[in-house]
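*Asks:* Given next are the chains, with one letter for each unit.
Protein chains: 2
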Amino acid sequence: MEAAHKVNFSSPRSFETTLKSDLKETFFPDDPFKNLRNQPPLRRAKSIIEYFVPIFEWLPRYNFRLLRYDLLAGVTIASLAIPQGISYANLAKIPPIIGLYSSFVPAIVYTVFGSSKNLAVGTVAACSLLLSETIGERVNSSENPTLYLQLIFTATFFTGIFQTALGLLRLGILVNLLSHSTITGFMGGTATIIILQQLKGFFGLTHFTHKTDVISVIHTILANRTEWRWQPAVVGIIFLAFLLFAKNLKKKNSRLFWVSAIAPLATVIVGGVFAYFSHAEKHGIQVVGHLNKGINPLSIHALNFESRYISAPIKAAVLTGILALAEGIAIGRSFGIMKNQQVDGNKEMIAFGLMNVVGSFTSCYLTTGPFSKTAVNVNAGCKTQMSNLVMAVCMMLTLVLLAPLFSYTPLVALSAIITAAMLGLIDYDKAYELYKVDKYDFFICMVAFFGVAFISMDVGLALSIGLAIVRSLLYAARPDSSKLGHLPSSQLYRDTKQYPVSTTAPGVLILQLGSPIFFSGSTYFRERIMRWIRDEEAIKDAPPVEHLVLDLGSVTAIDMTGIETLFEIKRMMDARGIKLSLVNPRARVVEKMIASDFVDAIGHDSFFLGIADAVQACRFRLHGSSNNELDRSDVV
Amino acid sequence: MEAAHKVNFSSPRSFETTLKSDLKETFFPDDPFKNLRNQPPLRRAKSIIEYFVPIFEWLPRYNFRLLRYDLLAGVTIASLAIPQGISYANLAKIPPIIGLYSSFVPAIVYTVFGSSKNLAVGTVAACSLLLSETIGERVNSSENPTLYLQLIFTATFFTGIFQTALGLLRLGILVNLLSHSTITGFMGGTATIIILQQLKGFFGLTHFTHKTDVISVIHTILANRTEWRWQPAVVGIIFLAFLLFAKNLKKKNSRLFWVSAIAPLATVIVGGVFAYFSHAEKHGIQVVGHLNKGINPLSIHALNFESRYISAPIKAAVLTGILALAEGIAIGRSFGIMKNQQVDGNKEMIAFGLMNVVGSFTSCYLTTGPFSKTAVNVNAGCKTQMSNLVMAVCMMLTLVLLAPLFSYTPLVALSAIITAAMLGLIDYDKAYELYKVDKYDFFICMVAFFGVAFISMDVGLALSIGLAIVRSLLYAARPDSSKLGHLPSSQLYRDTKQYPVSTTAPGVLILQLGSPIFFSGSTYFRERIMRWIRDEEAIKDAPPVEHLVLDLGSVTAIDMTGIETLFEIKRMMDARGIKLSLVNPRARVVEKMIASDFVDAIGHDSFFLGIADAVQACRFRLHGSSNNELDRSDVV
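Sequences listed follow chains A and B, in order.
Reading the first sequence from the start, the letters are residues 1 to 636 in UniProt numbering.
Reading the second sequence from the start, the letters are residues 1 to 636 in UniProt numbering.
Keep in mind the hints are simulated off the structure, nothing from the lab.
Note that the Cβ used here is the ideal one computed from N, Cα and C, for glycine as well.
Errors might be hidden in some of the hints.
[To be verified] Where chain A lies over chain B, by a calculated footprint (3+ residues, C-beta under 8 Å):
no.	segment
1	170–181
2	433–439
3	476–483
4	518–529
5	551–562
[Stated by the list, open to error] One-sided excerpt, in silico: chain B residues whose CB lies under 10 Å from chain A:
no.	residue
6	D22
7	T26
8	R333
9	S334
10	D535
11	V590
12	D613
Take these sequences, add in the hints, and give me the full structure.
*Replies:* Structure follows, in structure tokens:
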């Protein structure tokens with residue numbers, strides 16, 4: 001029946017068509033301008049502006065009903081932004097006020113350019129620590145705080161440029177280098193070392209190592225036993241218990257999410273009041289210290305491009321840039337899926353990039369869309385990007401009116417806030433799930449975790465990404481192949497190992513090849529096919545293989561080395577007197593087979609559209625001359 | 001009919017089984033010890049020794065008939081080894097006698113450990129230049145020749161260690177990083193810069209740049225116009241014409257191969273006699289100069305591991321190690337295919353490694369299996385590795401008796417020999433073939449060519465390999481997907497673009513997914529599927545998609561992020577009210593689906609073994625309630 005259909009060798013696509021389609025799939029897989037076609041020029045211009053500046057799209061339809069929701073969400077995330085801002089600035093070893101600044105200007109920028117309706121802008125712990133680790137390698141934050149801060153701003157500036165460039169070049173694909181396994185391990189490892197850093201606050205230490213790895217930190221803490229104070233430890237543990245209780249409350253009853261959302265602010269306020277009245281500093285409980293009133297001063301003059309320092313901010317920018325994008329985009333997308341909204345990764349990159357460029361001019365450091373804040377934003381019922389603007393206004397009021405009040409915040413309260421947040425980032429369940437489903441993914445995750453915890457954040461991340469890349473390369477270097485058999489009374493041919501019920505015809509070996517046939521896997525392919533033939537002939541009483549049928553239906557890509565391998569396979573089969581048949585090559589493969597004259601070399605009659613068809617032709621050749629068509633009925 | 005067969009969810013393999021099979025496919029794809037099973041211990045020990053030291057395997061069966069062939073082949077390659085040895089040593093900027101030494105000891109080592117019966121051992125031009133480029137960056141060969149030579153030996157030693165280690169660790173896979181396109185471009189670029197280096201000899205220059213790139217070399221030649229001499233140019237062009245004529249003769253009549261094989265030696269002898277009687281040096285024709293009598297002195301004491309130099313030989317070792325392996329193994333394998341002999345890449349690595357380690361102790365520099373010499377060996381009728389031993393004996397006799405005679409060889413004769421050899425390495429046809437068949441491969445090739453010619457050999461090689469790796473990564477990041485349609489009056493479902501005759505059922509979208517579904521491609525996959533659905537619904541008068549059938553038959557690998565993507569696709573389909581069916585998942589994918597509880601989440605009844613089956617179930621659901629089974633006959 002199937003013989004009516006033949007492999008389509010007509011009209012291979014032109015190079016231009018192929019290139020255009022490849023570039024589109026690589027850089028514009030989401031087809032962002034699909035609505036632009038067939039539109040009048042003016043409308044098209046409007047659409048393009050709306051595409052790049054999303055506020056033009058949603059603001060005209062904005063109304064008071066939506067504002068009510070966004071107002072509540074905005075105030076809630078502002079209450080989180082204050083303690084988080086101070087805490088993470090502390091982690092980045094920069095003045096705490098910078099953390100507050102960083103929730104003001106970037107949030108306004110995101111309101112204008114952001115495309116996710118759920119995302120809340122803010123600083124994140126992992127990037128804060130990564131910044132301090134990378135810049136700290138070059139400049140000591142306590143010895144030269146001005147230069148250190150300058151380099152932090154410079155790193156933020158480069159991050160912004162880098163992110164914008166990635167977005168404009170449609171290189172969202174780079175963010176995909178971070179697999180879930182890498183992120184799980186990296187976050188877990190980062191949370192671990194961040195928690196260890198908080199021991200400084202809990203123990204009330206004044207001296208602390210600049211290194212972040214587990215061994216150095218534990219060593220420092222033990223070496224400074226004489227400095228340990230019990231007062232901050234007690235206060236810290238009380239706060240931590242309260243925060244964990246509030247968090248737990250949310251898990252039990254999701255309508256009580258606001259308790260956990262305002263718990264950090266409550267901690268800061270209670271801690272500040274307590275510190276103010278108890279003169280805590282005298283009892284070894286350190287406080288944040290002086291905070292200036294007023295909104296963000298300009299910092300554009302503070303950007304430092306001196307060549308002897310420049311490598312540190314550039315390195316920091318690349319690392320934190322990718323990481324911040326991965327967190328921000330992944331989170332935007334996750335909540336987007338829940339609400340069936342589409343989030344454009346490349347557009348988000350441009351928004352994040354602009355946010356950080358403008359931020360670096362206005363005394364802000366690296367911001368993105370943190371998971372915790374975004375989750376609170378969604379829980380609080382945000383409807384549009386407007387909630388970020390509401391937060392910005394709240395932050396402005398705080399900066400203008402209330403900032404000095406926060407100078408009494410005890411450091412140990414910040415440590416408790418950070419610790420409580422970080423404990424949630426060590427995802428044991430996910431690690432176990434990885435172990436259960438995919439051991440290699442688990443390995444990638446563990447390498448990230450232990451690399452971050454025991455070496456450094458960048459090395460851990462790089463090792464883990466490297467392993468994930470090795471996996472992709474190995475995939476191409478060791479393409480799959482399996483022997484197919486016929487499922488009785490059907491037209492199906494399936495893997496004989498997976499379906500032992502399938503039957504094979506003597507003298508005919510059917511192999512299904514995996515994809516791709518690239519340079520790295522082509523030698524393997526050739527040798528593996530020879531092994532299949534050897535194995536087939538090693539079966540007891542098996543006749544020699546006379547027909548080799550290669551099912552190419554799964555092969556979606558082939559390169560020049562791959563085509564040459566097919567030629568070699570053909571030669572090897574000729575040398576052994578085995579007839580080669582090829583089944584169902586895909587359009588892309590056919591194109592290259594035609595261009596390389598492989599089709600002519602092997603002959604049109606060696607190509608078949610279905611396996612059954614090819615097998616029938618083999619049987620005809622095997623038995624045709626003697627008219628002895630044994631059990632042919634099985635094939636039809 | 002097909003409904004009789006179901007997807008096999010029984011008995012996923014244990015982790016141990018999977019790991020063992022994965023490791024085997026990765027590191028032992030050729031199943032080297034297949035003959036060892038079921039053998040008594042003594043025979044097994046013998047087999048293992050024979051495996052690692054192939055001479056034990058073939059020597060017992062060696063006879064005089066074979067020796068006759070190997071004798072002729074050995075003498076022929078020795079006649080090539082003398083001029084090539086001197087020429088390439090010149091290229092590596094080391095004393096010419098080292099080039100002669102290098103065809104003596106390593107050839108003996110290969111006779112014992114080598115597994116290819118065709119390979120002829122010797123030095124190669126590309127590696128010689130790469131060595132001089134890499135070591136020359138650290139130490140000037142003319143200012144400090146002793147140290148320079150020490151580092152060349154050290155590099156050879158490290159190359160040997162590196163190659164042996166790769167072989168023992170079964171990392172033959174690394175050699176596969178060099179695609180045919182990379183090698184074509186690299187060889188072409190290298191040949192170009194080597195030919196340019198020979199202009200020094202043709203123009204009789206005494207000053208020359210240490211750089212190799214086209215611009216620097218041309219600049220040097222033009223800047224030293226005053227030094228140009230016509231005498232060496234005339235002599236050189238005559239030799240070159242003779243060599244090219246001899247080469248051409250071989251092409252026209254392959255039985256005259258011996259003319260081209262001894263042409264270089266003839267050039268050296270004629271050149272030497274001419275130089276001796278014409279007192280050539282007085283006319284500006286430089287000669288090789290003093291050559292010591294006697295076989296290789298020990299050089300083990302010359303190995304230099306001083307930390308301030310060590311990085312240069314290590315870098316050279318990694319680069320030349322990979323390159324020499326690629327050339328040697330590729331050539332061994334190519335001739336192996338022709339003669340239907342199997343060559344074990346990992347075993348060859350160990351042989352090459354030992355050859356270079358022992359070589360570095362005995363005043364030899366880097367050797368491998370050069371293409372030209374091996375081709376001559378095969379043409380001359382070699383039967384076993386014994387031809388290398390014959391060559392070694394010839395070289396020994398030369399070193400003991402004749403070496404001083406070669407001191408009169410004019411440098412320009414060497415330049416002519418190298419130029420003639422290199423002209424054959426610029427493979428225009430292959431480059432055109434790449435352009436015709438695969439533009440990306442052509443790009444990889446051109447990057448290697450221009451990178452080597454205009455920057456440096458290592459940068460050109462690295463850029464080209466990098467691009468090839470990017471291709472593999474892009475493949476995993478942008479997996480293929482295509483819409484399938486039914487081919488009338490058959491059971492086949494094929495790509496609707498490739499086979500426009502295929503028909504689709506309204507409301508049912510069938511997609512075939514490419515492989516693998518890895519972290520880097522999973523976001524793309526999800527968005528691409530959404531785009532397929534949008535595109536399907538955008539067709540005029542099309543009903544909304546109610547069933548999505550995913551053909552997973554081509555998906556040979558999936559990771560944790562991929563499994564999570566399937567969960568997300570399921571959620572997205574649920575949100576849109578689309579029923580999801582999965583067809584023919586492969587064993588590896590099924591295992592992970594079971595481990596992650598995906599099978600339970602989606603339900604066993606959503607899995608089908610054939611597309612027809614799945615489509616039938618969809619139609620039943622679409623029309624079943626109203627009993628309106630439109631044109632169902634088409635499906636059976």
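*Asks:* Would you mind marking each hint as holding or not holding in the structure?
*Replies:* Hint by hint, here is what the structure shows:
Given a C-beta distance limit of less than 8 Å, the hint that chain A covers the segment 170–181 of chain B holds, as 7 residues qualify and 3 suffice. Counting residues of the segment 433–439 of chain B whose CB lies closer than 8 Å to any CB of chain A gives 6, so the stated coverage by that chain holds, three being the minimum. Remark: the segment 476–483 of chain B is confirmed as covered by chain A, as 6 of its residues place a Cβ nearer than 8 Å to a Cβ of that chain, reaching the required three. With 9 residues carrying a beta carbon less than 8 Å from a beta carbon of chain A, the segment 518–529 of chain B meets the three-residue requirement, and the given coverage holds.
A count of 7 residues in the segment 551–562 of chain B with a Cβ less than 8 Å from any Cβ of chain A is obtained; the coverage claim is therefore met, three being the minimum. For D22/B, the shortest C-beta to C-beta distance to chain A is roughly 8 Å, which falls under 10 Å, so the interface hint holds. Proximity of T26/B to chain A holds as hinted, the smallest CB-CB distance being about 6 Å (cut-off 10 Å). For R333/B, the interface hint holds, since its Cβ comes within 10 Å of a Cβ in chain A; the closest pair sits about 7 Å apart.
Given hint, S334/B at the interface with chain A, holds; its Cβ is 9 Å from that chain's nearest Cβ, closer than 10 Å. Because the closest C-beta pair between D535/B and chain A is about 9 Å apart, less than 10 Å, the hint holds. Because the smallest distance between the Cβ of V590/B and any Cβ of chain A comes to about 8 Å, under 10 Å, the interface hint for this residue holds. At its closest, the beta carbon of D613/B sits 9 Å from a beta carbon of chain A; the interface hint therefore holds under the 10 Å criterion.
The structure meets every hint from the earlier list without exception.
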